[in-house]
Amino acid sequence: MNPGQFLLTAILLSSFIPGIIIFSLPEEQHRLRTILNLCGSIIKISLVLVMDAAIYYGYIFEIRIPLIPGVDFLLNADPLSALFATLSSVLWLLTTVYAVGYLEGSPNRSHFFGYFSLCVTVTIGIALAGNLVTFLLFYEMLTLTTYPLVIHRGTEKSLRAGRNYLIYAFSGGAVFLFGVVWLQAVVGPVDFSATGFSPSYLDSHGTVLILIFALLIIGVGVKAALVPLHGWLPQAMVAPAPVSALLHAVAVVKAGAFGIVRIVLDVYGAQNLLLLGCLPLLTAVASITILYGSVRALQQDNLKRRLAFSTISQVSYIALGVSLIDQPLAVIGGLVHLVHQGLMKITLFFCAGNLAETLGIHRISEMHGVARRMPLTMTAFTIGALGMIGIPPTVGFISKWYLGLGGLAGGNWWVLAILVVSSFLNALYFLPILSRAWFGKQERPWPEELYIGRFETRLMLLVPPLVTAFTVMAAGLVANAQISPLTWVRFIVREYGL
Amino acid sequence: MIFFTTETPAWIVAPVVLPLIAGLFCFLFSHRTFSIALIAALLNFLAVCFLTRQLILFGPMHCHMGGWQPPLGITLRTDGPAVLMLLMTAVTGLGITLYARGYFSHRMVTPVRSDRHRQQQRYFWPLWMLLLAGLNGLFLSNDIFNLYVTLEIVGISAASLAALSGKPASLLASFRYLLVSLLGSLTYLLGVVFLYRSCGVLDLDLVQNLAGDGVEVRAALALLSVGLMLKTALVPLHFWLPPAHANALAPISVILSALVVKGSFYLLFRFWFEVFASIVTSSALNFMGTLGAIAILWGAIQAIRQHRLKLMVAYSTISQLGYLFIAFPLARVAGNAQLWSIVIFMALAHAFAKSAMFMAAGSVYLHLGHDRIKDISGVRSSLPITVFAYGIAGVSLMGLPPSGAFIAKWMLLSSSLASAQWWWALVVMSGSLLAMIYVFRVMSRFFVIPAGLPPDTTEPLSPLMEWPSLVLALISLFLGLLAPWPLLILAEGSTSLAQVFPGGMP
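These protein sequences, in sequence, are chains G and Z.
Each residue of the first sequence is one higher than the last, beginning at 0 in numbering that gives the first Met the number 0.
Each residue of the second sequence is one higher than the last, beginning at 0 in numbering that gives the first Met the number 0.
Each hint should be verified, as a subset may be incorrect.
Stated by the list, open to error - Which residues of chain Z face chain G? A few of them, derived with a C-beta cut under 8 Å, are:
1. Pro59
2. Val394
3. Pro400
4. Ile406
5. Ala417
6. Ala424
7. Met435
8. Phe439
9. Ile448
10. Leu480
11. Ala482
12. Pro483
13. Leu487
Don't read these hints as lab results, they were simulated from the structure.
All C-beta atoms, glycine included, are put in the ideal place defined by N, C-alpha and C.
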């Protein structure tokens, strides 16, 4: 085992082992559990950062275990994996802190944190997967490990949501498997590579390859919540807030979007897709999803549901960006949104969770004047919301700027139009919340005031959204610095030679 | 150690003789039954490991018992598939032995009807050892009449085991099971008679060489197949399986569902793809594939409709057995080696997963006193390991990666797509999705936090009832990652290259 393989294994084990230990811990041992969780995530972040640096200097990480002829288990860290792995491990730490505070005193916590750790292991596995089979393995595992989190509350409503989630996710998985097997039958085993498979198959199997592309995109599109495959996401909002944060910003939806990126860039490759000419379809689906999600978000009164529809809309920026593959600027915009959307959305979910946990507020109509009771939470929320709308200097602006530039550079003025319309809709559904919270007057007592103390809420609930909100601003302000998501994404795009 | 690594084929009899002796001892020393059975199961496992090692070192072997050459003598032989089936039986058997110990010791504690429990235990161990000997003999034997004998041993001991619970429902089910099993054996015997009439030999290799494409041979194959299909519970001959499997005592359900049905399937497969491969037609293969497809869908739909956990698991067995048959029509494209790997992976994965799942179901039943699916909420906090085992076994039944079933399904899908027979692929995919529904219908109930207080009958189960099921479930889950090893053993191939040893007993 060379050092690179050792590092990859350690990165996976740094959350897997704590997860297994946590399962076996008795319910009361919350101190030990928290220590394990935090140590695991800090170790993971450090290891991932070491990996990032090594990747930057061109080190090649690879673990390959042949299973049956033509099917390998392959872990392979490239710059794109590093992007997703870093995002997941950093946000995992914050979400863990948040979840410890959030679930204080609730039942079944050892199960919750056990699955939580497994879930992050699997997400990192998705980031590191080096071929479609390995990706599929972790992709299905992700459904399994998130399911118990979605139905954690154990109510009938959550069971129903969980059932829907499973049906959507596993049907998607089945379609994906079908596509993967078929692709392998046509072009042989494909490892992720910057060029995709050999273009020699395009002439003989053009139509079949387009069909397979559609199957693969449908397969990952279920998790990425592309319309019309998004039905499970708003329902899954019954899960506890840290789970929603995880689902939307780190693991599930992101894994779907990441899958789209992998399929477009690494399986098919830019050249092949341009020759096949099937990308406009993806562009169209992504654009429809962006607009549809925003319109539906407008109609929601439940805060978490509004955020869920907003996720559906925002994640499709990623798909939109990579679907304009001949425009490097658009690809940069899409890829960097993978990180930016995660930061913004996790902030918003943390804040929504704080409102629910502290004051029992679940609906937007109950939010009048809440900023006076919880100024810090609402500041973080505001930054996240402004980011979603795309106001400088937040990171949301950076994503939209690059997407728009890419669209214009390719002569696709309608991309800009979609961005403008979508931003306008974002403003329509976020600004009323902000104005109500900051300038509204409290009309009724809070639905259920659960926490009264020194700070506006428990410290462990307050710090994570502040940190992410700060990052939303900071990463936008120093986007061109040596170390920022944008710089890294530029590095990725350079690697692909676009 | 030198003794074991030499080329002596004597070890081949150990998997048959050891459990047989142990069965006898269990009968004689009824107060030491568990220790005897455990030692036998362990020794059996070791012997099978030696056989595996021998196979890898020296290739397939034939051993003529007592030095008599066929057609007079009886031949045992090892090859890749046989050894893998032996390994499957040995590992599952070890788990079952431990689990049964936990099960019976738990039931002994409850004073009500403890006499009956003592009696059940007394009969269980000898019968289980007998069945193990019969199964091992079935996998090793190379003689078509000898195979009949092992089929009878397995069938009769299985039916008696199924009757052990003593409840009216189980008596009825096991009686029906016995009749079906006898009918199957008789049909098989009739096939043997036909074959003997036309070829005059019983040794499988000789039959393979001598059997031409005559009416008699075809009739013989048809009779053999129908007999074995009846025992394997292929739709539409499956009617006897769910009540028999679901009403038996928990360890016995495991034995029946995980091991017994595999035995007759293994024979059927050998007949179709080795012995009589030359006379099997495409339409016959398609017919079997169609029955398999119906079994997958029908079994899964029935499993979804069940209200009792053990019945659901039993119907899932019918569905999973269908996957073994759906591989048949792909024989022409996939080639025999690929076909063997599909079937063996499916059989291994199912044996481990299904034994884990039946063990879990049995523990839940014992814990709650019932297995109504709608009322099993709250088990998660009292039996966490069992619930885990159930979940992992379910994942394996659904064929998700990295389970062994995933490898099998991958090969099924790729050969059906490569030969443009995509409808088989569709059946396989829908089967997995239906499996998802029946697995998680129960799983979600486990996660419900019950409204009232937990039932006060919660006496902790023995760890022997929880851990074996988890370990077996994990084996089945990670079988896919261990795939190179079974493939290595399988690559030792069929009997055609076997070395023949005249020697007999050591």
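Hint by hint, here is what the structure shows:
1. Pro59: Because about 22 Å separates Pro59/Z from the closest Cβ in chain G, which is outside the 8 Å limit, the hint is violated.
2. Val394: 6 Å, holds
3. Pro400: 4 Å, holds
4. Ile406: The hint holds - Ile406/Z has a Cβ within 8 Å of chain G, the shortest such distance being about 6 Å.
5. Ala417: 5 Å, holds
6. Ala424: Interface hint status for Ala424/Z: holds (7 Å vs cutoff 8 Å).
7. Met435: At 5 Å from the nearest chain G Cβ, Met435/Z passes the 8 Å test, so the hint holds.
8. Phe439: 6 Å, holds
9. Ile448: 4 Å, holds
10. Leu480: Status holds, d = 7 Å.
11. Ala482: With a closest approach of 4 Å, the Ala482/Z hint holds.
12. Pro483: 6 Å, holds
13. Leu487: 11 Å, violated
In the structure shown, a violation is registered for the earlier hints numbered 1 and 13, in ascending order.
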